[in-house]
Structures are given as C-alpha cells and as structure tokens.
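Chains as they are written, first to last, in numbering that gives the first Met the number 0: chain Z, 0 to 248; chain R, 0 to 312.
Read the hints as simulated data drawn from the structure, not as lab findings.
It cannot be assumed that every hint is accurate.
Within a straight-line C-alpha distance of at most 35 Å, the following computed DSBU-like cross-link-like pairs (lysine-lysine) qualify [stated by the list, open to error]:
| no. | chain 1 | residue 1 | chain 2 | residue 2 |
| --- | --- | --- | --- | --- |
| 1 | Z | K106 | R | K78 |
| 2 | R | K110 | Z | K106 |
| 3 | Z | K124 | R | K8 |
| 4 | Z | K124 | Z | K106 |
| 5 | Z | K56 | R | K110 |
| 6 | Z | K106 | R | K8 |
| 7 | Z | K124 | Z | K14 |
| 8 | Z | K68 | R | K176 |
| 9 | R | K8 | R | K176 |
| 10 | Z | K106 | Z | K60 |
| 11 | Z | K68 | Z | K56 |
| 12 | Z | K106 | R | K306 |
| 13 | Z | K14 | Z | K188 |
| 14 | Z | K188 | Z | K106 |
| 15 | R | K176 | R | K306 |
| 16 | R | K78 | Z | K105 |
| 17 | Z | K190 | Z | K68 |
| 18 | Z | K190 | Z | K14 |
| 19 | Z | K124 | R | K176 |
| 20 | R | K78 | Z | K124 |
| 21 | Z | K106 | Z | K14 |
| 22 | Z | K68 | R | K8 |
| 23 | Z | K105 | R | K8 |
| 24 | Z | K60 | Z | K188 |
| 25 | Z | K60 | Z | K190 |
| 26 | Z | K14 | R | K110 |
| 27 | R | K176 | Z | K190 |
| 28 | R | K176 | Z | K105 |
| 29 | R | K78 | R | K306 |
Derived DEER-like restraints, expressed as beta-carbon distance ranges [unchecked claim]:
| no. | chain 1 | residue 1 | chain 2 | residue 2 | range |
| --- | --- | --- | --- | --- | --- |
| 30 | R | T7 | Z | D11 | 52 to 60 Å |
| 31 | R | W131 | Z | Q71 | 49 to 57 Å |
| 32 | R | I96 | Z | T138 | 34 to 42 Å |
| 33 | Z | T138 | R | W11 | 23 to 31 Å |
The structure displayed is predicted, hence computed values, not measured ones.
For glycine and all other residues, C-beta sits at the position ideal for the given N, C-alpha and C.
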Amino acid sequence: MLEVTSLSKSFDGFKAVNNAGLSVKDGEIVAVIGPNGAGKTTFFNLITGVIRPDSGKVLFKGEDITGLKPYQVCRRGISRSFQVVNVFPRLSVFENVQVSVLSRQKKTWNLFTPSSRLSVDDTEKILENVGLTDIRDATSTALSHGERKVLEIAIALGGNPEFLILDEPTAGMSPEETSRCIDLIKQLKEKLGITILFCEHDMEIVFSISDRIMVMVRGSTIIEGTCNEVRCCQEVQDAYLGGIDVCLM
Amino acid sequence: MAGSFFRTKSLWVIIGLVILFLFPVFLDRFYIYLAAIILLTGLCATSLNFVLGYGGAFQFHHAVFYGVGAYSAALMVLKSGLSPWLGFVVGPSVAAILGFIIGLICVRLSKLYFGMLQISLGSLVWAIVYRWYSFTGGDDGIHGIPLPDIISSPNGAYYFTLIVTSVSMFILYRMIKSPFGSALQGIRDNPVRSEMIGVNVRQQQLLALTIAGFFGGVAGSLFVVVDNTVFPDMMFWTVSLELVIMCLLGGWLSFLGPIVGAAIIVILRTYVSGVTVYWALVLGIIMMLVIFFLPNGVLGYLDRFMKKKVRAR
Ligand SMILES: Nc1ncnc2c1ncn2[C@@H]1O[C@H](COP(=O)(O)OP(=O)(O)O)[C@@H](O)[C@H]1O
Ligand SMILES: [Mg+2]
Numbered sequence: 000m001l002e003v004t005s006l007s008k009s010f011d012g013f014k015a016v017n018n019a020g021l022s023v024k025d026g027e028i029v030a031v032i033g034p035n036g037a038g039k040t041t042f043f044n045l046i047t048g049v050i051r052p053d054s055g056k057v058l059f060k061g062e063d064i065t066g067l068k069p070y071q072v073c074r075r076g077i078s079r080s081f082q083v084v085n086v087f088p089r090l091s092v093f094e095n096v097q098v099s100v101l102s103r104q105k106k107t108w109n110l111f112t113p114s115s116r117l118s119v120d121d122t123e124k125i126l127e128n129v130g131l132t133d134i135r136d137a138t139s140t141a142l143s144h145g146e147r148k149v150l151e152i153a154i155a156l157g158g159n160p161e162f163l164i165l166d167e168p169t170a171g172m173s174p175e176e177t178s179r180c181i182d183l184i185k186q187l188k189e190k191l192g193i194t195i196l197f198c199e200h201d202m203e204i205v206f207s208i209s210d211r212i213m214v215m216v217r218g219s220t221i222i223e224g225t226c227n228e229v230r231c232c233q234e235v236q237d238a239y240l241g242g243i244d245v246c247l248m
Numbered sequence: 000m001a002g003s004f005f006r007t008k009s010l011w012v013i014i015g016l017v018i019l020f021l022f023p024v025f026l027d028r029f030y031i032y033l034a035a036i037i038l039l040t041g042l043c044a045t046s047l048n049f050v051l052g053y054g055g056a057f058q059f060h061h062a063v064f065y066g067v068g069a070y071s072a073a074l075m076v077l078k079s080g081l082s083p084w085l086g087f088v089v090g091p092s093v094a095a096i097l098g099f100i101i102g103l104i105c106v107r108l109s110k111l112y113f114g115m116l117q118i119s120l121g122s123l124v125w126a127i128v129y130r131w132y133s134f135t136g137g138d139d140g141i142h143g144i145p146l147p148d149i150i151s152s153p154n155g156a157y158y159f160t161l162i163v164t165s166v167s168m169f170i171l172y173r174m175i176k177s178p179f180g181s182a183l184q185g186i187r188d189n190p191v192r193s194e195m196i197g198v199n200v201r202q203q204q205l206l207a208l209t210i211a212g213f214f215g216g217v218a219g220s221l222f223v224v225v226d227n228t229v230f231p232d233m234m235f236w237t238v239s240l241e242l243v244i245m246c247l248l249g250g251w252l253s254f255l256g257p258i259v260g261a262a263i264i265v266i267l268r269t270y271v272s273g274v275t276v277y278w279a280l281v282l283g284i285i286m287m288l289v290i291f292f293l294p295n296g297v298l299g300y301l302d303r304f305m306k307k308k309v310r311a312r
C-alpha cells in the first residue's frame, strides 16, 4: 500500500532522514522505532507532505505522492495524528472532528447550509468510537492531556483514512489511557480495516500490536522485519552500532 | 434546549431590528445620520472581522475596500449615465475584485508579513486615488452625488442602510456558520493541521478575503448614500486602524462584537473630536485599555460575565 524508498532530508547540512525506506502492506500495523531524534517525526512529515524530501520516493497505492501538499496527500486517503498535540484550540471537541469530516466530504466550499446540520452523524460516530462523546461540547483547551491525544486521533479519523499515521499516540498518557488507546488502535485495524503506521517508545506496546517493525537510527533504516526478526537482530545491531539497545529497552 | 436558545436569540434580533426601524420616528435628523454611519461602519468592521477574527488573517488595511467600494459606486453614478442603482452593484464588485487581487498577492505570506504587505498595497491604492485628480477628484473627493429620490432623503438613506446592512450581516452570519466558516475558523486556529485534514488553506482564505472585500465595498457604497460624498481619507490607513480597534474593542470572537465596537468608536469620535483635536490620542488610549482590560472585547467580557452568573445560580 505504501512504498517508501531511499527518502532523505537534511536541515542545514544535518541529515535528519537519510536513505530511509519502508513498505507497508494493506491491513498491516507497522511500527517505526528508534531513539529520540532518530528522525521518526521528520520521516512522517516527509510522507505526509509537511516537509518536502531532498530525494527519495513515496508511492501510495502505486501512485507517486512525493512532494505533494499535505491537503493533497490527505485527499488520497492518508491521515495522521501529531506527536505534539496539534488541534484547533478555539473549537469544541465536536467541531474539531467535524471540520475534518466536512473537509473529507468536500463540503468546505458550501457557504450557506449551517454546519450544525451537516456531517453530524459521521462526526458523532467517530466521537463514540474513540470515547469522546461525553465531552463533545468542551473546548479543546479544557481537556486533559490524554483526552487531547485521543482528540488528535479522532481528527485524523475524520478524514475517513485508508492509511493512518500515528506519531507517538500514547506519549504522556496514564496507564489506563494507554491501554484504552491501544485497544482503539487494534479496533481501527480490525473493525474499520485501516492500515496503520505508528511510532512509539514503549516496546511492550510495539511488540504487542505490530505486524512488522522498522528500526530507525540517525535517520536511516537499520532493519525492517517481523517482531521476531527485529528481536533476534538486536545483537547484530549492537555489534554494528553501540548503544542502540537503549532504544529497544 | 438548543431550539429555545435559538428562538430567544432570534427574538432579540427582531426586537433590535424593530427598534432600529422606529428610530426615525423619535430621533431627529442628526441622530438618524449618526445611526446610519454606525450601521455601515459596523458592517465594514464585521466584514473585516470575517477574515480577522474568524479567518485569522492580519487584514490591516481593510479601509481600502471600503473606500474603493465607495469611489466605484460614486463614479459609476456620476460618469456612466446608467441607472444609479447599478452603482451599488459595481461598488462592492470592484471592491471584491480588489480583495481577490490583493489577497492573491498576500495569501502566500504568513501573519505579520501578510499584514505588512497588505498595508503597503492598500496605501498604494490610496495614493492612486489621491493623485489621480482628473478621475477621482484627488484630495477634494467628490461631492453631491445624485441619487435616486427614494434614498436621497435622510430617512430614505437610513432605511436603505438599515435594510442593506441587515441583509449583509445575515449573509455573513450564515457564512460563518457554514462549513466554509468552520474551515475558516479551523485555519485561524491551526493552518498546519487544516492542511493535514485536506483543506486547501490558500484557496479557502482567498475566497474569504474576496468576500470581506465585497462587504467592505457594500459599506462604502452605503456611505455614498448616507453622506453623498467620497474622499480619499476614507481609505487612509488610520481608518483601517480604527476598524481593527472596533473589532478588538467589541469582541473579535463574537459576531456582533465589531458592530458594538463601531458604535462606541463612532459615537466617541463624533463627540470627542468636537471637544479636542487629539482624537488619535484618545484612540490610542482606548486601544491600550482594551488590550489590558478587555482582551476579548466588550461582548467577550459580557459573555464571560453572564456565564459566571449562570454558573453561580
Ligand atoms: N524543521 C527542522 N529544522 C531543523 N532541524 C530539525 C527540524 N525538524 C527536525 N529536526 C532535527 O531532526 C532530527 C530528527 O528529529 P525528529 O524527526 O523529531 O526525531 P524523532 O521524532 O525520531 O524524535 C532532530 O535532531 C531534530 O532536531
Ligand atoms: Mg518525534
């Protein structure tokens, strides 16, 4: 479904992403792991068009989407959530998700029908799926950190994506929130058939829900394979790159 | 619950409109004129707030669309020999086209740069109007613009202004509540995320800027009706500053905020400039007080106050 080959990006000569590659098949959950500053977020930014790559190729369902604008990427069926909460602060929870649904349904050029009558069911369904129905009218600034992270995902789901990218979805969540979030991610795959690419620091989570894992260090793909392959390879990596075990613990 | 709230809201609007319709019955000529100026200035401020408060665009020189709308309407009436009513179509349309062109140039820039370029381009338009003596009358402006009989009396002008302003405000309100408005507010809050959910931010903003230009032009055309004159200072940058202050003072997050701000500023200007020549100083002080004490404007403050009272009950 997604095919990334030798993607690179440098900032002022610093190679944040260097020759990274990845392939994700339909219906998979794939994790990207690596220490802080490895370039995971930048990698996601390159795929989703937030940043243009210096070189490399991104193919989505056979189509070359390298260097497209974020809105064009989104319209092809890729949604993402952000590591740092990136919502619409003055809108309510409901409106945050609704604007995403409206956009996906190409209604943002409608000037005269009240929004209050449009895409309401679809928005409510998403809120119910992620468990935000109770606080639908709260402003997003009034939410707890965990709730905001869930809202992050809900906004991404508003795009009714085939392919969902989650950048550290559980970062900063309490243990209960984390386990609920993991259940949600599993459900998204099983019930809605969404293909998921995510990055995460908690190795337990990564090994429990991923079909495959890509390891990234200093901007480069070190290995891409099943959980077992990655686990087995750990020593090999240690030998090649001292200190990588830090990221796997 | 939402239904009854909606009904009370429309009820207040209807009461307000009835009172405004009765103004000419118990107010004398000067106050009718003042009310008309407040209405059209309020419309102008609301059209600015459409892109400033709801769209997050630093439209710092909105008076240009007000002025260009007024000039286009006036020149159309004077020079075309066609029906004067056509002026009220041409004025806003020219303002909208100018809004589109200036928007097209500015929309690529972010925030403050957008504002700076907007001021420069606006000042350029002002300079052209100011200098082009043979066509615009230069700094003399144009006086005694002939109008259709029905709107040439003070009351006629007032009712025309009231009706056009009400209809325009209704349209702007509908737009803010539409999906277009939702997307616009999303862009204000977070342009990066808006792109990521599939919104073409620039196109969306460009349409908003065109619409704002159009209604700025409507307000300008109404000024021609009410005052019978146009002059270049209508689009001097200080007028734009006043418009921004109206939005901030009234409350840039509430729909009626700018019109409240317009009422306060227009009334103050009318009486203060009678007493002192230091209007700019007064304006500066108002601006400072608003920033320090009413960051959400008068309506924002009232809104919070009401909510507190409801909660206390
Ligand atoms: N816009 C940017 N400008 C300059 N450097 C950047 C930018 N974005 C990321 N970087 C750098 O690229 C490296 C990778 O960052 P990031 O992708 O956020 O890593 P991760 O998400 O794996 O923690 C970091 O060293 C970071 O400082
Ligand atoms: Mg990151």
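Taking the hints in turn, this is what the structure says about them:
1. K106(Z) <-> K78(R): violated, 42 Å
2. K110(R) <-> K106(Z): Answer holds: K110(R) to K106(Z) is near 26 Å, not above 35 Å.
3. K124(Z) <-> K8(R): Roughly 30 Å between the alpha carbons, so the hint for K124(Z) and K8(R) holds.
4. K124(Z) <-> K106(Z): holds, 18 Å
5. K56(Z) <-> K110(R): Cα-Cα ~32 Å, so holds.
6. K106(Z) <-> K8(R): The given pair, whose Cα atoms are some 27 Å apart, holds under the 35 Å limit.
7. K124(Z) <-> K14(Z): violated, 42 Å
8. K68(Z) <-> K176(R): Judged against 35 Å, a Cα distance of about 27 Å means the pair holds.
9. K8(R) <-> K176(R): Cα-Cα ~15 Å, so holds.
10. K106(Z) <-> K60(Z): Answer holds: K106(Z) to K60(Z) is near 25 Å, not above 35 Å.
11. K68(Z) <-> K56(Z): holds, 15 Å
12. K106(Z) <-> K306(R): Holds, at about 33 Å.
13. K14(Z) <-> K188(Z): Holds. K14(Z) to K188(Z) sits at ~33 Å (cutoff 35 Å).
14. K188(Z) <-> K106(Z): Within the cut-off at roughly 27 Å; holds.
15. K176(R) <-> K306(R): Holds, at roughly 22 Å.
16. K78(R) <-> K105(Z): violated, 44 Å
17. K190(Z) <-> K68(Z): holds, 30 Å
18. K190(Z) <-> K14(Z): violated, 39 Å
19. K124(Z) <-> K176(R): With Cα atoms ~22 Å apart, K124(Z) and K176(R) stay inside 35 Å; holds.
20. K78(R) <-> K124(Z): Given that 35 Å is the threshold and the Cα spacing comes to 59 Å, the pair is violated.
21. K106(Z) <-> K14(Z): violated, 40 Å
22. K68(Z) <-> K8(R): Violated: K68(Z) and K8(R) sit about 42 Å apart, past 35 Å.
23. K105(Z) <-> K8(R): holds, 30 Å
24. K60(Z) <-> K188(Z): holds, 18 Å
25. K60(Z) <-> K190(Z): Given pair K60(Z), K190(Z) holds - Cα atoms ~21 Å apart, limit 35 Å.
26. K14(Z) <-> K110(R): holds, 30 Å
27. K176(R) <-> K190(Z): holds, 34 Å
28. K176(R) <-> K105(Z): Measuring from Cα to Cα gives roughly 16 Å; hence the hint holds.
29. K78(R) <-> K306(R): Not satisfied, since the Cα-Cα distance of roughly 54 Å exceeds 35 Å.
30. T7(R) <-> D11(Z): 52 to 60 Å: holds, 58 Å
31. W131(R) <-> Q71(Z): 49 to 57 Å: violated, 43 Å
32. I96(R) <-> T138(Z): 34 to 42 Å: Holds - the Cβ-Cβ distance for I96(R) and T138(Z), about 38 Å, lies within 34 to 42 Å.
33. T138(Z) <-> W11(R): 23 to 31 Å: Holds: the Cβ-Cβ distance is about 24 Å, inside 23 to 31 Å.
Violated hints for the displayed structure, listed by number in ascending order: 1, 7, 16, 18, 20, 21, 22, 29, 31.
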